[in-house]
Amino acid sequence: MSEATPGTAVSVRNVTKRFPGVVANDDVSIDFLPGEIHVLLGENGAGKSTLIGMLAGMQQPDSGEILVKGRPVRIGSPRGSLDLGIGTVFQHVLLVPTLSVIENLMLGGSRWRLLDRAPVLKRFQELSDLLGVRLDPDALVGRLALGEQQQVEIMRALWRGENVLILDEPTSMLTPQGVQDLGKVMKRLRDKGVAIIFITHKLAEAYEFGDRISVLRLGRVAGQLDKARLKSMTEAQITDEVLRLMFGGQKADSRDAETLLGRGGHLKRQARADRSKPPILAVKGVSTLADRGECPLVEVSFELWPGEVLGVAGVDGNGQKHLAEMLAGQRPAASGSIQFEGRDVTHEGVAQRRRHGFRYITDERLGEGTVGAFSVATNLVVKEIGVPPLWQRGVSRWDLIHGHAREQIKRHDIRTPSERTPIGRLSGGNIQKALLARELNGSSRLAIFNKPTYGLDLHNIRLARDRIAQCAEQGLAVILISNELDELLELSDRIAVMFRGRLSGVVPNEGNAERRIGLLMTGAEAA
Amino acid sequence: AGATDVKSIAVLTPEQGTDYGWNQQAIDAGKAVAAKYGIEFVPAEGLGYGDVRPQLRELAGDGVSLMIAHASGYNQAAPEIANETKVPVAIVDRPDANVPGLIADYTLSGHEGAYLAGVLAAKMTRTGALGIVTSGEPPSWNSQSAAFAQGAKAIKPNIKLIYAVIGPAAYSDAAGGRRVTESVIAAGADIIFGQGDGASFGMMEATETTKATDGGDVYFIDVIGDKTPIDKGHLLSSVVWNLVPVFSAMVEDLKAGTFGTKHYSIQVADDSCQLLHTKHIPDDVWSQVMAVRNGIVKGDIKLTPVFNAADVRKLMTSVEIGNAQ
Amino acid sequence: MSAAPEAARSQGLPPTLMAGRGRAVAAAIARFLLPILLALVVGAVILLLLGTDPLAYYTYVIRRGLFSWLGIQATVTRMAPLLMIAAGLIVAFRAGIWNLGADGQFLLAAVITAALGPALIGSLPDWLTIVICFVVAGLVGAVWSLVPAFLKVRYGINEIISTLMMSFLGISFANVLIKLVFFDPGTTVPQTHTLPVEDRLPRLFGSTIHSGILIALAAVLIVHFVMTRTSFGLKLCVVGANPRAAIHAGLNVGFLTYATFAISAGLVGLGGAVDILGVWGSVRADWNPSFGLLVVPLVFLARFHGLATIAFVMFFAVLQVGGESAAVRLGVPTFYTLVLVALLLIFLALVEYLDYRRQVRTRS
Amino acid sequence: MHSLFTEPFLTALLFGAITAGVPLLFVGLGEQISEKAGVLNIGIEGMMLFGAYAGFVAAFYTGSFALGFVVGGLGGMAVAGLMALLCVRLGMNQIVIGIGLTLGAEGLTALLHHFQFARSYPRLEKAPVLEIPGISEIPVLGPALFHHNLIVYLIVAATFAIGWLYKHSDIGLNLEAAGSKPGALDAAGVSVVATRVGAVLATGFLAGMGGAYLANVGAGLFVPFMTNGAGFIGIVLAMLARGKPYWVLLGALIFGISLAMTTALQVAGLNIPTDVVQMLPFAMVILVLVIFGRHSVLPAALGLPYVRGER
Ligand SMILES: Nc1ncnc2c1ncn2[C@@H]1O[C@H](COP(=O)(O)OP(=O)(O)OP(=O)(O)O)[C@@H](O)[C@H]1O
Ligand SMILES: Nc1ncnc2c1ncn2[C@@H]1O[C@H](COP(=O)(O)OP(=O)(O)OP(=O)(O)O)[C@@H](O)[C@H]1O
Ligand SMILES: [Mg+2]
Ligand SMILES: [Mg+2]
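Residue numbers (our numbering), protein chains in the order written: chain A, 1 to 527; chain B, 528 to 852; chain C, 853 to 1216; chain D, 1217 to 1527.
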């Protein structure tokens, strides 16, 4: 059974892994070859992270086996994985924020020994050169930007992952430039003979960097495109093939393909805003106070009309979070004013603004968007606690609440075993659907989307984008914060760019918008 | 209240009756008195300081003739249950609570014995300083502390008296007892008059393991019980309470229908309060102390107990300030 | 910081009460009974080692604590303050706040009650005195929780430690109050004035059980209802489970946190009032029943559920009352009850873990 | 008044402060290790008490103080083992299990004491003292600071050693990571469970030794409930020390001195109710928290069980 292709770095053979209610991996067999970038594709919940979790020693397969260089192994712990030369960058950052970069790299190195900085520092320099990054080894990791943290993670994965390097959705928080840099690193490592497993939701990245593509669907291997086939096909053919594998017999439409390629920009929606009327929202000179390690807002002003989508671009950490929170009422404005429909709402809180029709879809689905331990039903009403008819004189009517949830689940196609399942157990895409269902109900007037498609698969991205477009159609004013440029280009009427807490410019979404945005994002141009 | 047939007596103590002190004296006395009158004895030991009403009700329900509630912490509950069940109780530390036929107080003070202990200590100290260490400041200990001080002063007016309380609820704080006693010894005392439950053992330990400032041995004077069986050669004496006469008198009074009309007390006159004679006390000193005892019995020496903590402390400081060498 | 209580919620296993009602309830009961059985068995071994016949001991305890009229009265009376404290703890724990300061809150409220009751009883009608005592006791408890609440809201300081500190502080402070302010000069031992027996809470049907038990039972049931069936309760739960989500949802986290502390500590304070007005009538210096830390495991064993809490508190009261009686008759000190509670916790943990493993295995 | 504050008296006071402070140093250091690793160890009071009992039994029957400390440490470790099993391995709630273990240790030791020693009240000899030549001659300070059992010097040395290890060994990194982001530690190939179990066992050992010191050196005997909240003071010290062992040392010393001061004030005849003095340490903690509240940082994962790969 365990005959693997000669020269494989690592293989999985007939691996099955179940979780309560799901078969996450179903009889999966794949070979990963040295000197090859092997891309794993698949929709949310297809089982990609589970598969690499088993290679990383985080999970044990229920059945099947794992082979390293043709030899069957049991990877009982992350340590076991590292000892086999498998390094992993997980989907979520796994670094100790209270330790420095170098300390994070020393973690798990020597056992029962005193720390010796010198050799570690030397290796750090080597890897820095290899990766082409500049990091202060003594900086606290908690103070680094997300992109820098990811560089540390990759460095750590390489530290002992000399045979296999696994990267689970590493590009979801990188800038386009960052993605290019990462691609160069991957290629360099591949050329040194490392087997690279690369998970992404963006097909364009798969084409650009991948030597081989495997597609997972519902926990099974739906198919594989090897080097030779990839070479022989045109991009369109590959796209067709991948779509067929990902979604089975279902016919994917062309817009799916565009999204998948990250080239949805030209799908631009029809602008409908009528700017002759007074704006629905007017923000004048708003600043906020910075908490530790955050970028506050500085004198932000803009106006927004019903039916309009204002995109907000910018490198992560330039005040977008504060902007969203300030608008939602979660964060007080230190100065300046906010007018909504001519009314001053500067000092109103979340609940009051919600009553005016403000809606905020946060980028932290689990961090603040939901209470992970509570049921889907509770989370669907968590912003309306106490409001009739689900509550009558303060008494919960759980029957109605659950009924309401079942209806929402059906309407918005939220995939959950039941309305009583703790929402934290759902996949990211389904949590996002729940959030959209909760926010975009009834009498909303202004919707703030913060990275609404972060971590979602193609299908869910499509759904979310359509929802946003639909909002504008229905006359809502929309603020769309995103670092996916194509998303902004597809959906926005105008695009504001944030740089160091300021709105460095607002660009109409036309013609050479892309170039101007790029300049504004780096602070090169001030508009 | 009429005469009653006494069939059994119960003694309720907060700790186990094995402490060579307060609890054990009561349990032992109860046993002895029961034997003396040929009645049943029900020991109820180790009841703690919580609510003893259930235990009292249960004992009353079992038909006990007299419940001796041997803890000041019980002097609220016991009269209440006596009123509820009409079973007579004896209580401590509430002299005003007597109810004929039902409730009798036996607030005891070994102050006479403590006075003698003060005399003994003053005669035997080499350093001219005595320590008084208590784990708290309940009235009976206050009166004994004060009498000890008075006795010592009577012999040597200039004697140095060092007074220390371990802590608020330090009855079982053995480490605290030891630490405080060591400080008091370091301050010059070579004889410690110690009052405390578990803490007493810490005080004893200190006298056993610490040298006085003159390099000689330190001696310990205990209260209530007789710790000779566990002595390691530093137990100078003890103000021993003998509760047999008191409990006997209660039984007699119950039989005679006079229960609850008197106050019981212990005194050196009938040896219900006596100073323990150990081998560490030279004969001449002992006879001098006994002479003082006779003076008390005859009424030549008049003693009034001091129950108030502040007054006790006043006694100490007034002795100490100015006169210390 | 609220992380700890959140964990308490999730690591106790998924709430099995949710699906398949009948079988789940049976399983839940088995999950309670098995640990009790195991604890009793290991407890029996300890008794044997100490030279006591365990069967005789257990039968005696149950007979005295449960199946005798005197015993059941004592048991129910003992339950009253424990239940009030439990009610306070349920609010806090469900809302993700670890109020470990119950001892201080309880004692201070008790002292104030004992100071107030006898002082007012002459000049005011009985019922009014009692009402005023209750209100003030609740307030005293609540006030004593203000500092930990402030520290939590303002600086996010772990309330576990701050409430413990306030508890120790409160216990000493209660003694200072008795000794320096509220002492009864007529007594030799420092204690407050005494509320006469006839002015205490009325007793039920000629028994020695005081009506405080009704208040306590009502408190637990109301708390359970509020925490599981009302919007206010749900808001508290959300704040406890994920404060950031609460902010995001527009809840006033600061206010709700203060409210949780105040309600929890206030109920504990009422527990002090119930015990003083129902049983004691006065407080003596250095008295501290340490109910607070005892009730924590009970409430937890009951998974914060009101009815289960009543059952566990009753179980504990039977053990205590019967055990005190057995201490006198059979010579097994009351400390044994503490050992039994610890064993119960340990076995509950083990049984739950094994059950969880079994569930995971059967489901996949 | 002055006459009282003689050299021997001051010496005894300071000596007493050290004796009272040493058990706190043990538990404070122990608690700090647990907390660093993300385990809020409320059971430390029970570990200390059980260590006191076990240590006393060993020292009493063998006559060896050294053995007393070791067995005391092992006794504390036994309770810690339960905590490690239930809270770290099985992920049960740390607070509730901690309280339960403390109650259990209180009950069990009182029970054992009752059947074993309640008639004999055995007491130990004075613990052997190691005088540091030279410096132990300094007036007051010499005899107060350098006339102690070897274990006192060892634990003070250990304080610095621990501080050094925190900084310069992988143990320090692992503890920090286990308390701050256990997932990261796991991903780096170090078992979180093992790290935390080790930390909890170390805590139990230290707390047990602290208990043994309290019983064998402090009191010279065992009485039920004798730790009387010292474990909880250890939790306070750990909280105030914010991960720095030296601050635990300082805090333990201050607590010891404040206890000794109670005696000093009384011996000096000052009439302050002891309860007021008793309140001071706790009032101080609260005050420190209110004033410096924003600076008291605890490990992010404190109190949270870690289960690999759980969602
Ligand atoms: N620890 C777990 N407990 C329960 N269910 C899990 C767990 N891990 C994964 N699952 C489930 O297994 C399935 C596969 O999840 P997995 O994370 O592998 O998907 P994925 O392909 O990585 O998706 P995504 O693109 O969203 O990252 C999902 O249904 C998920 O809910
Ligand atoms: N069906 C539900 N969905 C979401 N949240 C709920 C639900 N039921 C209760 N809650 C909330 O979750 C918390 C935990 O509820 P839990 O089920 O433990 O309560 P319970 O006492 O068992 O109620 P019940 O007996 O009705 O199941 C409660 O505080 C409540 O506010
Ligand atoms: Mg994934
Ligand atoms: Mg994802």
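Just so you know, these hints were derived from the structure itself, not from any lab.
Mixed in with the good hints there might be a few duds.
Claimed, not checked - With a Cα cut of at most 25 Å, we get these calculated BS3-like pairs of lysine-lysine:
| # | chain 1 | residue 1 | chain 2 | residue 2 |
| --- | --- | --- | --- | --- |
| 1 | B | K759 | D | K1342 |
| 2 | B | K841 | C | K1031 |
| 3 | A | K69 | A | K192 |
| 4 | A | K122 | D | K1383 |
| 5 | B | K738 | D | K1383 |
| 6 | D | K1342 | B | K806 |
Consistency of the hints with the structure:
no.: 1; hint: B:K759 - D:K1342; result: holds (13 Å)
no.: 2; hint: B:K841 - C:K1031; result: holds (18 Å)
no.: 3; hint: A:K69 - A:K192; result: holds (17 Å)
no.: 4; hint: A:K122 - D:K1383; result: holds (20 Å)
no.: 5; hint: B:K738 - D:K1383; result: violated (44 Å)
no.: 6; hint: D:K1342 - B:K806; result: holds (23 Å)
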